[in-house]
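So the chains spell out like this:
Protein chains: 4
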Amino acid sequence: MQAIVKRKRQPEAEITEVDLPNIEGRQILVETKMASICGTDVHIWDWNEWAQNRIRTVPLTMGHEFAGKVVEIGEDVTSLQVGDMVSAETHIADGTCYQCRTDRMHICRNMKILGVDTDGVFAEYAILPEENAWKNSLELDSVIASIQEPLGNAVQTALPRDHIEDIVGKSVAVLGCGPIGLMAIAVLDEIGAGRIFATGGGRNKVRMELAKKMGADLVLNAREEGGNIIKTLRDATDGNGVDVVLEMSGAPSAVRQAFEILTPGGRVSLLGLFDKPVEFDLNNSVIFKAATVYGISGRRMFQTWYQVKGLLSSPTFKSKISQIITHRIPIRDVAEGMKAIHSRQAGKVVLEPKWN
Amino acid sequence: MQAIVKRKRQPEAEITEVDLPNIEGRQILVETKMASICGTDVHIWDWNEWAQNRIRTVPLTMGHEFAGKVVEIGEDVTSLQVGDMVSAETHIADGTCYQCRTDRMHICRNMKILGVDTDGVFAEYAILPEENAWKNSLELDSVIASIQEPLGNAVQTALPRDHIEDIVGKSVAVLGCGPIGLMAIAVLDEIGAGRIFATGGGRNKVRMELAKKMGADLVLNAREEGGNIIKTLRDATDGNGVDVVLEMSGAPSAVRQAFEILTPGGRVSLLGLFDKPVEFDLNNSVIFKAATVYGISGRRMFQTWYQVKGLLSSPTFKSKISQIITHRIPIRDVAEGMKAIHSRQAGKVVLEPKWN
Amino acid sequence: MQAIVKRKRQPEAEITEVDLPNIEGRQILVETKMASICGTDVHIWDWNEWAQNRIRTVPLTMGHEFAGKVVEIGEDVTSLQVGDMVSAETHIADGTCYQCRTDRMHICRNMKILGVDTDGVFAEYAILPEENAWKNSLELDSVIASIQEPLGNAVQTALPRDHIEDIVGKSVAVLGCGPIGLMAIAVLDEIGAGRIFATGGGRNKVRMELAKKMGADLVLNAREEGGNIIKTLRDATDGNGVDVVLEMSGAPSAVRQAFEILTPGGRVSLLGLFDKPVEFDLNNSVIFKAATVYGISGRRMFQTWYQVKGLLSSPTFKSKISQIITHRIPIRDVAEGMKAIHSRQAGKVVLEPKWN
Amino acid sequence: MQAIVKRKRQPEAEITEVDLPNIEGRQILVETKMASICGTDVHIWDWNEWAQNRIRTVPLTMGHEFAGKVVEIGEDVTSLQVGDMVSAETHIADGTCYQCRTDRMHICRNMKILGVDTDGVFAEYAILPEENAWKNSLELDSVIASIQEPLGNAVQTALPRDHIEDIVGKSVAVLGCGPIGLMAIAVLDEIGAGRIFATGGGRNKVRMELAKKMGADLVLNAREEGGNIIKTLRDATDGNGVDVVLEMSGAPSAVRQAFEILTPGGRVSLLGLFDKPVEFDLNNSVIFKAATVYGISGRRMFQTWYQVKGLLSSPTFKSKISQIITHRIPIRDVAEGMKAIHSRQAGKVVLEPKWN
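So the protein sequences, as listed, match chains F, R, C and B. The numbering of the first sequence is the numbering used here, which starts it at -13 and goes up by one. The numbering of the second sequence is the numbering used here, which starts it at -13 and goes up by one. The numbering of the third sequence is the numbering used here, which starts it at -13 and goes up by one. The numbering of the fourth sequence is the numbering used here, which starts it at -13 and goes up by one.
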């Protein structure tokens, strides 16, 4: 079968012929119907420092966001059958470590990640453990189905634990309008946030316009507004500051801003990754503010998937999310997709299984 | 000034002249701009058994749901000024009891209730303690402003504590389509419930149609469907049962149904009051189901008010809620309002301050 | 090997020779070092109505509470090795149902229970799925190790979710002093409850004395005190009522009492099972009280096991728990153990693997 | 009456005669029976940079930790009477700001602090608003009564919100063994922490020994152990890392350590204040670790007071806490008390009302 394979420890990857995998036990074989490019795939494609350290073995079939059709099931599989449509939860957990056994499977100590530690889904067929398969409704469009995992990340950032009272009717700022930031805005709007503020780097007009469409009440250009942002958001919240900040940019200036605009006793979720250590006034940012800070990594398995499913049952929400997909291209043109993402003029890029 | 006063311990009340009240300390004087009839007012008007036991002193000016304009403030008032528009949180808490001092002021041990224990708002002017005044935006229509308190009850039933992960993307059933049940449906729709099911007694077509308009995906006639409801809701939830049930009917059959349709580990909020004790299979309803049950009384002060304010910032939501108000009549016709509610063909009835 | 086997659908069971089981995949073979009798075992032994309905197939090897040594592991086992000491989480979950995938594995929809649905541990050797094995410290005495599962139930009743602020420094009443009730008292004392009240049926002096030893500040004889209990507990809590009630008796009078002694906004955990439906004043018990009620079934996997492990690291706590074990007898005398439990003069009965 | 008064904006303070204050409305007059020195008092005494910026008006009577007897009550006081023994919650909240109205009164936007913004308790008599008085049991020793406020801080650091499942049976590290750190160890031991680790600067042998007495399983000398601490704590937790870290030192090295020793998905509470901004690897410390971080400021009003009261009902706990009080001196020797604290050889210093 055809697959996008990183053969050497260097940039880019090849479209090449590989063996059709054999399945056993609780594994399933899935025919890829649609795939989607994640930031992680871009890092691996670019072979940046992170990828060089993180990728242990090549050759490696890339990709983990997808939707496909079950074409074969292992002898111990009980919850799926041939013909089912599925997507993949990328995190393959061991099920027995401390984290797995205390409802934190998404941060398993012996985690393997699809398309990073094991062969991924940018291929005609992919193997999934039954435990990692998420059964889609047959009516769900495969394009939307292929981006449920990052949508789950957006949900996890908005709702990191079992309490979101701090969202309903409250003011929320989303710092950073990349694809997951945009998804988060749509999620916040759908789950009853009172006012949604968004900030973006400003170079990417496409994304700033999308932020508005996703439901942001106010979209601020971080580059142009600079320090005014703090005053603007205070004024917009009766001087209280915002109740919740979702930091999705990875910009050191944004994380400092996050705490300045926060109301005392408010909450910050950190999803964006930073290039280097950040200097931080813990006294005024966190301690005197009695702030709560959540680090966001992955998404709860499978609480967030059920939430995504429920949210997607709203046609308005689904239609909004669709707008984040700016590129739909044949998988053979994956290099074009990478280029579009680098240009920062793209939202989400999905890949159709057209190999020839 | 004019007021609707219960003078004698018997049904109905008089529209009569009373003295304009004097204020002091942290009190404010408010000119009533709009009032709304609550079920409690109906009980007092009817002078039913509950009212006979509950009302300690007459004469009593009735009413507690309202919106008005501050016309005078006491010398110790700091957070309000003349000209402000306010509504009232009805529960006057003592601030020093065990419940007040542990974030449960809404169930204060020495609670007084406006229009029940103290003179209420069905009058040209009303006194409020500063602590009970909720400042409205000047732009908020007084009709909507006057029904924020029951809307807070709907929010409290949906979100009884600081976690509502069980709503976002989840399936929720609302049993009973009275005004607060209808409001709850609108709230659930606004805060991202995946699927909303509603059941109503069936005699009241107006309410069943309103349930649909509020956002219910499926409205079932409890009278006609009977036992089928359980099967219907199981089928509609992939056999899992619903995640959350809001019991807002006070019907013994509904409370039993609530637990039958509930998914294991799910949650039930009980708001509807029952005419008498209910027989209950605790083993299968609650224990084996690992269910969580919340009794709902009042609404958190003032968490729910901020949530209501935030939700009302959505024009769609506000417009939906407006539809629940089926009658807007002069306050001098309060007896007509009571009649409309008794007929069960009314949603919410609001009273304009037209006394002559 | 020898085993206690229910061969026929009738009372009692036989000690008999059965085949040594074969293991595969993720299974392990464990040599029983100590077992303990649970109330469920008594029901199956007695062949009461519940057991007749619940037990699907015979012959069935009984028992699920135990400690043993791993003597063989399947080829896919990664987290255990031969020589490890283990106990069993009895609930064998499917891992893919809605409940399993939303952190509620302990109420899996397709649950199988060891010694109920599959052959149990009252045998020389027992099979466990790796997922259900709990690795014990080599220093942990096998007697204590064998009763960790019911101890987990006690923890789950005290701490049904991720918040127990209602325990630390607060007043808690435990209604019913059976083995799990006694364990709960010890747990409450260990986790900082302010005052612990216990009530017992009164016929069992042994248990009432144990309640005192476990850390109850006040032990009341439900039979003799009757209605005075409510007054006594109100007086003992400055008139506030108790913050938390753990209902562990299954007595209808106790469940009504539970809500009468509860402070408004307090919490009730229901563990005890009732012989029949209970009549219940929902208005005053739950709704006006703004009470929270948790049904307790099983124990969270494996959060409660880690908690039990941590609690047992305190020598005082471990020594207290040991006192609940009133009988330690050879497994060949299991019939004597059943008799002792029926007499209500026993705490916990453990079985040593002495077959001949 | 006599009082310790900062008359000029410079170091130290005078013992001097001032007028007996007049009370009105909801105020009470309290005769000081015992006071205690807080770190804040030391800053004000020293007149360090923080104090120079924070103190708005002199003359100012110092002090806020105390126990005393009510000798007069204002005409609107309802919950107290002459002869009651009280302590003070130092935070005087306005009751109407956003934070006060959403169960976060301890971080009121218009907070005034006793002995900082208003005249304090290092005097023969002090004024308290009724809302800030905490009624002590008549049996409670005034020495213990006078340190309930910092004890409440320790509780708040351990239990910042309504969920502490992460304490019961879990491993907890306390970084820093000042008075509140020591109190936190005692609290953790009392509320069922599985294993308690403590680290201290090492110069203060008194405190390191106290840490052991408070219940720490392992006390590490941060100075001598250095980087070994991380390895030691990993080994002591089966390689998992600790579940909870309470940072109570304000040392930049400690805060970095806090996150290194933390298990993925664990929790850090930050109480210690830092001299300057800290450089922070947010990716590995917080985000990939899916950590939760709480800033701790004050203590919840009055949830923590009830908890403290309940904990102090255990004689063992009370006796442990007493050991933290290393100095009991006449208030006229307050300068000696300040010296003892500067020496770092003191635990808590209490002041008896001996003025002459």
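Calculated directly from the structure, the hints in this document are not laboratory data. Take these hints with a grain of salt, some might be off.
It does not matter which identical chain is meant; a pair holds if it fits inside one copy or across any two.
[What the hints assert, rightly or not] Below are the SDA-like pairs computed for lysine to any residue, each with C-alpha atoms no more than 20 Å apart in a straight line:
hint	residue 1	residue 2
1	340	97
2	304	209
3	304	110
4	325	58
5	191	308
6	262	37
Since the model is a prediction, treat every value here as computed from it, not as a measurement.
First find the shortest C-alpha distance between residue 304 and residue 209 inside one copy, then the shortest across copies, and answer within, between, both or neither for a cut-off of 20 Å.
Neither: 31 Å inside a copy, 35 Å across copies.
For residue 325 vs residue 58, is the C-alpha pair at or below 20 Å within one copy, between two copies, both, or neither?
neither (35 Å within a copy, 54 Å between copies)
Given a CA cutoff of 20 Å, do residue 304 and residue 110 count as a within-copy pair, a between-copy pair, both, or neither?
This pair counts as neither: shortest intra-copy Cα distance 27 Å, inter-copy 49 Å.
With identical chains, the pair residue 262 and residue 37 could be close in the same copy or across copies; at 20 Å between alpha carbons, which is it: within, between, both, or neither?
Result: close within a single copy only, 16 Å intra versus 35 Å inter.
Since the copies are identical, ignore which copy is meant and state whether residue 191 and residue 308 lie within 20 Å (CA to CA) inside a copy, between copies, both or neither.
Answer is within; shortest intra-copy Cα gap is 18 Å, inter-copy 37 Å.
Intra- versus inter-subunit Cα pairing at 20 Å for residue 340 with residue 97
Cα proximity of residue 340 and residue 97: none, with 31 Å in one copy and 43 Å across.
In this structure, the hints that do not hold are numbers 1, 2, 3, 4, in rising order.
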